[in-house]
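Novice: These are the residues of each chain, in order.
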Amino acid sequence: MTQPYRLPTGGRIARSRPLRFTFDGRSYEGYAGDTLASALLANGVHLVGRSFKYHRPRGILSAGSEEPNALMTIDRGAGRVTPNLRATQIELYDGLCAISQNRWPSLDFDLGAASQFVSRLLPAGFYYKTFMWPRAAWRRVYEPLIRRAAGLGKAPRAPDPDRYTNQFAHCDVLVIGAGPAGLEAALRAGRAGSSVILCDEQQELGGSLLNNSQAAERLLQYTNELRALPNVRLLRRTTAFGVFAQNFVALAERINDHLPASNKDMPRESLWQVRAERTVIATGAIERPLVFPGNDRPGVMLAHAGLAYVNRYGVLPGKQVVIATTNDDGYAVADALKAAGAEIATIVDLRRDETIAATHGGKRISSVDIRLPDNSLRRIACDLLLMSGGWTPSVHLFSQARGKLRFDVPLQCFVPDGTLDAIECVGGCAGAGLQPSPATQIVADGKSFVDFQNDVTSADIELAVREGFRSVEHIKRYTTSGMATDQGKTSNMNALAIAAATIDAPVGSVGTTTFRQPFTPVTFGTLAGLSRGALFEPVRTLPSHDWALAHGAVFEDTGQWKRASYFSLKGEGMRDAVMRECRTVRAAAGIFDASSLGKIEISGPDALTFLNRIYINDFSRLDIGRCRYALMLNEAGLAMDDGIVGRLAETRFHVTTTSGGIGHVLHHMEDFLQTEFTSLQVWLTDVTEQWSTFAVQGPRARDIVGELTTTIDLSPGSMSHMSLREGSVCDADARLMRVSFTGECGYEINVPSSEGARVWAALYESASRHDASAYGLEALNVLRAEKGYIIVGQETDGSTTPDDLGFGKMIGARKDDFVGKRSLSLAHLASSGRKQLVGLKPLDPQKMLEEGAQITLQSGAPTGSHAVGHVTTACWSAVLDRSIALALVENGRALIGSTLHVPMPNGDIPVEVTSPVFVDPAGARLHG
Amino acid sequence: MQRFSFFQLLRQSFGNHVGWQPHWRAAAPKSSYDIVIVGGGGHGLATAYYLASEHGLTNIAVVEKGWIGGGNTGRNTTIVRSNYLFEESEALFEHSMKLWEGLSQALNYNVMYSPRGVLVLAHNTTDAQVIRRHVHANRLAGIDNEWMTPEQAQAFCPILDVSRNVRYPVVGASLQRRGGTARHDAVAWGYARAASALGVDIIENCEVTAIRRDARGAVSGIETTRGEIATHKLGLVTAGHTSVVAGMAGLKLPMESYPLQALVSEPVKPVMPCVVMSNSIHAYMSQSDKGELVIGAGTDAYTSYSQRGALHVTSQTLDALCELFPIVRRLRMLRNWGGIVDVTPDRSPIIGPTPVEGLYLNCGWGTGGFKATPGSGHLFAHTLARGEPHAIVAPFDLDRFTTGKLVDESTAAAVAH
Amino acid sequence: MLLIRCPYCETARPEVEFRHGGEALMERPRDPSRASDAEWIDYLYMRRNPKGPHAERWRHVHGCGRFFNCLRDTVSDRIVVTWRAGEPVPEVTDGDGA
Amino acid sequence: MVEPVPSTRFTLGNNRAERVSILGIAPGRQFVFRGPREVADQCGAAFGVDLPASPCRANRQDGRAALRLGPDEWLLIALPDDAVLASLRHSLSRFAHALVDVSSSDAVFEIRGPSTALLLNAAIPLDLSPKTFPVDACTRTILAKVGVLLWRTEQECFRLQVARSFAAYVHDVLAEAAWGLPDA
Ligand SMILES: Cc1cc2nc3c(=O)[nH]c(=O)nc-3n(C[C@H](O)[C@H](O)[C@H](O)COP(=O)(O)OP(=O)(O)OC[C@H]3O[C@@H](n4cnc5c(N)ncnc54)[C@H](O)[C@@H]3O)c2cc1C
Ligand SMILES: NC(=O)c1ccc[n+]([C@@H]2O[C@H](COP(=O)([O-])OP(=O)(O)OC[C@H]3O[C@@H](n4cnc5c(N)ncnc54)[C@H](O)[C@@H]3O)[C@@H](O)[C@H]2O)c1
Ligand SMILES: Cc1cc2nc3c(=O)[nH]c(=O)nc-3n(C[C@H](O)[C@H](O)[C@H](O)COP(=O)(O)O)c2cc1C
Ligand SMILES: [Zn+2]
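Chains as they are written, first to last, in my numbering: chain A, 1 to 928; chain B, 1 to 417; chain C, 1 to 98; chain D, 1 to 184.
Only chain A is shown next, with the shape it has when bound in the complex (with noise of 0.2 Å):
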């Protein structure tokens, strides 16, 4: 028979849509608007699960968020299967595939449930204890095995194809939660006009109005009208999960979980993130179990869920009912059961003394036995218990905002001290309406749980005082206790409870441990929003970008630009794309993108006084019309950027920095503009995006660069080396700069970037013309590399000054102050021995050096041994045809001409130490 527990009337499901599911293979059917607990309910299914530790077999506690025990994967196919659901959150599809966890080989008869039989020798904190010998064996041994017993349900094997979104959000009130509190609150905001979000967890608004059947009229009422007003949003299926600084809140929302597989034209989940004038939280309050022997059985269940599966769902979750409680409340959910036609067995109410003493039954309960104020046992026959401890808040948010909890004794629990600025609870989240529950003694001998999840008894939180572990927070850790995926929503005031009786304080005293966000778990995925693949990072390109990648380019990354590395011809590998280049720069020429260098206009009455200050140089003597190259330090002394001063007019510069520093540069830059230097004229624009660059270097430049300009005469005269002009090249208004980064004759040619792509072919059109090519980064590194000019991120490393560099000369020195100047003086940065920039040539010349290789001063130096330096660039010289390298040694100039060892895993490679110049130190080509 199908659905034997469903009653034949009632409930808020839609009896006319049946949907098939199926949990462990096997087959069965519920109905729209069923969670899956209350379709498996239907169908008599009380064994959902097994528990973390002893694997003991569990049934559905709650009918809702807090719900401990029945955890579920859902297997929607490939890549979407998704571990650690609630079954009392699930809501049904056709189709529903549900997995048990935590079992094997089968939820029934599940291997594991043997740790029971030593679960005696695994009480809280077990494993601090042993596992220490042999040493070798925990890492080897235990480790291995406690990490397979552990974890819960298993992670998908598959990338996850859903997609995710992301809404900000401003409002006048925030409400959470739509039960009567929420819904009311809302409306009241609503119909004076304020801007609203309400928003529920549930799938249906109504909050604990699902459960009532006579409310169903006044929920349809509050309903319609919110809907009917255009200036409240209303978000079902959404939980707010945080509560961050300044009253900003963040909800998760489940967009497309519910429905069946087939329809996927929408993200599965969106983070909202608002902001509201005020935050109205209408939580509720969560039902606490009570703690007695056997209370985790199949079929154990918190009294109002037992109302909810009635109510709500059509579902009669027991026949035979035992109903043990500390408040009223107990007596209201019996009389409600048995209007649905269940046999109250017997109602146990603690304030008289009574409790439950054990309970039996394998998979699913069928006793209890009750131990009487006489202290005489009395078994009683049942196939469901519910019970009620009393009401816990849903103090999570308020507290999360940093809200201030005091304790409620007639509630025994914690509720808000008031309100924050512009947060406030109300309703059952404030402790209103909520049943009074007096404290009740709490016996537990055989096993009474506490956190169901992480199966933490009574007597493992009184162990955790008996082992010293006084305060909340660390009987939390030591016994794990609301450390599960519930965060013990049903468990936290319990386990206070016992603590505090054990230590023999207050609970009020003892206080509770943290609360933290999510709510309840967030998709990983939901939090990372749209920020995925191409778009988790932006990817910039150059001007040339479609030209290379039509010409063979391979690219690397350089922070968030796809750079060219080198251009393979008719299949070439890199080395030898990479020499040809480096030839064709040297024999005739090469062109490359530069137009990532970041780049700056400086402008003002005072620019030059600012740019004195900003770098190490002296540009006091910078002719309108020349360029120079310029080093920056922080203000610690330390090489920070460096790039190419140009003046372009007595008040206005043109100043590039490295490709990734443009960020960094203009912050340093603008700060001490703005904050030390602030009686200048400066201003700085950014226009590093205005520029395409592109350098062009050889000996044949001049005729490749002369093809494309009327405008500017480029004969040496006219434009030595580090000049600047302006002009145009292929008809656009053009910044050309004769510098270089290869020790070639060089321009690098500054257009409009809307004119990059059109300037660019038209170069290498003309750099055809005269045998060169365009050249990468690669080709780029051993161009630079063969003159001795440093990348700064490469040369240097944050602990590099100028004179390190062999930059002293550099540094102006009549220039009173630059930022920096100060700190060169500190002790270690003018001593002596430091770290020095040098060349290397290997005896053997074919021995390639690694990048970051260390370098001692004698061979086969043992382990421990101090490291003089270490080797920041290395490369295949291709007009020296052997191995170079550059590298920071300790007195490194003194040294040049003696011999140094680089230890490498196979041995050393003894180098000799050199000038960093290998090619045309005297500068001929440049200047040629």
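Worth flagging that the hints you see were computed from the coordinates, not collected in a lab.
A quick note: this is a predicted structure, and the numbers were derived from the prediction, not measured.
Treat the hints with caution; some may be incorrect.
Claimed, not checked - With a cut-off of at most 30 Å between alpha-carbon atoms, the simulated DSS-like pairs for lysine-lysine come out as follows: (1) C:K51 - B:K30; (2) A:K404 - A:K338; (3) A:K363 - B:K290.
Stated by the list, open to error - Just so you have them, the derived chain A footprint on chain C, three or more residues with Cβ under 8 Å: (4) 18 to 31; (5) 55 to 63; (6) 73 to 79.
Claimed, not checked - One-sided and incomplete, this derived list gives chain C residues near chain B with beta-carbon spacing under 7 Å: (7) M1; (8) Y45; (9) N49.
Glycine included, every Cβ here is placed at the ideal spot set by N, Cα and C.
With chain A held as given, fit chains B, C and D with the ligands onto it using these hints.
Specialist: What follows is chains B, C and D with the ligands alone, placed relative to chain A:
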């Protein structure tokens, strides 16, 4: 001290575990101590333990304002490694690594040191250069660290995506096999238990509110929420709060306190055998023995003592991890918290004496001091006992800021934690 | 994500538009070359790092680009007030500057 | 002039296209003007549009616009064939200021439709309600992971500028967000 062992466990299990004793004595403050350690985190407790066990000094108190191990020790991502770049740091962290290897046995407390390997990923040429420089430096120093191809890295950590067509491809990685994780709480409790057994007073709920100094300016004692305590040697081991406590002695430090967040996922069956760190994309992850993925990132942008951070920082960590490990996108964040890390200008710790006589510092471990816990305690105990820095910690003195001899791992290394 | 009022844009803006600029009201020695090592290091590295009200700088880097000052409680992260660089520290009433 | 973004309407899934469209448009001529208020007035006079005095506001006239981006910074926008730069330079030559041609820097999108603000708020944390961000409000801000310039030109239309190398990213973010747009 009641010895922990399997047999003890067995024996106690027959007595329903009523025979277990407190791990450490809940001491009340005495009127004076030879040395007072302020801060009951891993470093402070380790210091006390080594003072007692190696220097025979047992009239020692550790005063902790809350519960021991509740600071950064109790909220860190537990990565242990020693593959630092500079010789000074290599010596410091390797000293610690050696102690980790026998720590469970030394303390008779299973700290679950798990040398499962730490992979550091390179995503571009610069990363690769930096990481290989570490590998070379470490090999010379005798510290294990090896360079791996993307395929080798994936073989070691199968859920890693090493395909080339992703936004940040893995171009290589370094692996320190002896690196791994340890159980944070157990480290604090294990040191506390062993120190307590040797006579050290561990005093919880005892916040230092003032530092007393005599006419010469030397330390003479402290005021706490549990009364005054006299002492002539004070070791501040208060991590994120060091500026506050040092301020009580009129000291201003080169230090700022930032929020650093971490999070765990819901537990799942083992998917991740090692620790993976990626600096370019600012994230690192491992899986605890209980099954949660333990995840951390860079600090939040502003200084704060609020022990929480911003959601966008967490989001950015997770988007990066979902790119590196595509299967985790569907897993769920269970808990997200923050710590307060004390960051120095060169991201290296400060250990040693101060201009205030009798006042010693052990702080500035920033985002990466958990791994140093045993070594830091060991060397700081030596420094306190002898009144002068141990050679390994000498380069990490406060003076280095005045001479400019910084040990700047951050700029060179681009790797934290 | 903090909400920070930019005193130049005169509106409260999300934290991601800003960059933290460290402790405010630090004096760079007027003539660094005359500063002693101790004075220089004090400016360069020593920080108050207070627990409680903290005067700090922010830059509205993805907005108007200006540096400004801000008084924030580092325990609650509550922003008390923000003001323009170079202007006197405003009198703090209990209003929320954000 | 080659446009960084093709001037086409991007298709959005389902009926979402009716709620919002994203169009790449020509940036026109653009200049950054920096200088003190007095010079800004001169500049406004020469440009024919007063440079706004209130923060984050735009003034417009006859195809030209002046956006105040910072206390001493304005972005001047003119039509593509507007040769105003030379005359501006001339009128300002006596004053301390900066005037920088940035016409090629940015790509420009026009985003239009009843759900425009909702779409932008998928990636921009700013409050874009007409109350706080009315027509002719403008500012630099953050969209997903990049800095952008946002200007509300009509109740249901925004102009969004971004450095050209980020254009593809911004477009793709908006397209993905549009696909997952919540109900209005
Ligand atoms: C999220 C996060 C992740 C991290 N990840 C790693 C990692 O993977 N690997 C790694 O090596 N490191 C990591 N770290 C850093 C590491 O946690 C710390 O460097 C280390 O734990 C510091 O230990 P400690 O004992 O010095 O400080 P703490 O454990 O913070 O102890 C300091 C103690 O001082 C107490 N105290 C403060 N003020 C007073 C007072 N006035 N009176 C008395 N007591 C006081 C505090 O309550 C605290 O208990 C991480 C840190 C964080 C926050
Ligand atoms: N029998 C009792 O003692 C008891 C228990 C609860 C409520 N009530 C009565 O019901 C009324 C309380 O109603 P209420 O509105 O305060 O509570 P409620 O339980 O009716 O509603 C709370 C709602 O908040 C939602 N919610 C909780 N946490 C959430 C989160 N983080 N994000 C999104 N949604 C979340 C829940 O799904 C639920 O719909 C009171 O009048 C009270 O008397 C009584
Ligand atoms: C390595 C590690 C693993 C953790 N695992 C869990 C966990 O499984 N469940 C949990 O609730 N918290 C876990 N936590 C977080 C703690 O509950 C807690 O958030 C953290 O110690 C910070 O303390 P606080 O949140 O009380 O301030 C873990 C923390 C660490 C450092
Ligand atoms: Zn601003």
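Novice: Next step is simple, just say for each hint if it's right about the structure.
Specialist: These are the hints, each one checked on the structure:
Restraint check: the Cα-Cα separation between K51 of chain C and K30 of chain B comes to about 29 Å, which is no more than 30 Å; the hinted pair holds. This hinted pair does not check out: K404 of chain A and K338 of chain A have alpha carbons roughly 41 Å apart, beyond 30 Å. Of the pairs offered as hints, the one joining K363 of chain A and K290 of chain B holds, with about 26 Å between alpha carbons and a cut-off of 30 Å not exceeded. For the region 18 to 31 of chain C, the stated coverage by chain A holds: 5 residues have a C-beta nearer than 8 Å to a C-beta of that chain, and at least 3 were required.
Given a C-beta distance limit of less than 8 Å, the hint that chain A covers the region 55 to 63 of chain C holds, as 3 residues qualify and 3 suffice. Counting residues of the region 73 to 79 of chain C whose C-beta lies closer than 8 Å to any C-beta of chain A gives 4; at least three are required, and the coverage claim holds. Because the smallest distance between the Cβ of M1 of chain C and any Cβ of chain B comes to about 5 Å, under 7 Å, the interface hint for this residue holds. Residue-level restraint check for Y45 of chain C holds (minimum Cβ-Cβ distance to chain B is 4 Å; threshold 7 Å).
Taking 7 Å as the C-beta contact cut-off toward chain B, the hint placing N49 of chain C at the interface holds, the least distance being around 4 Å.
The structure fails hint 2 only (numbered hints given earlier).
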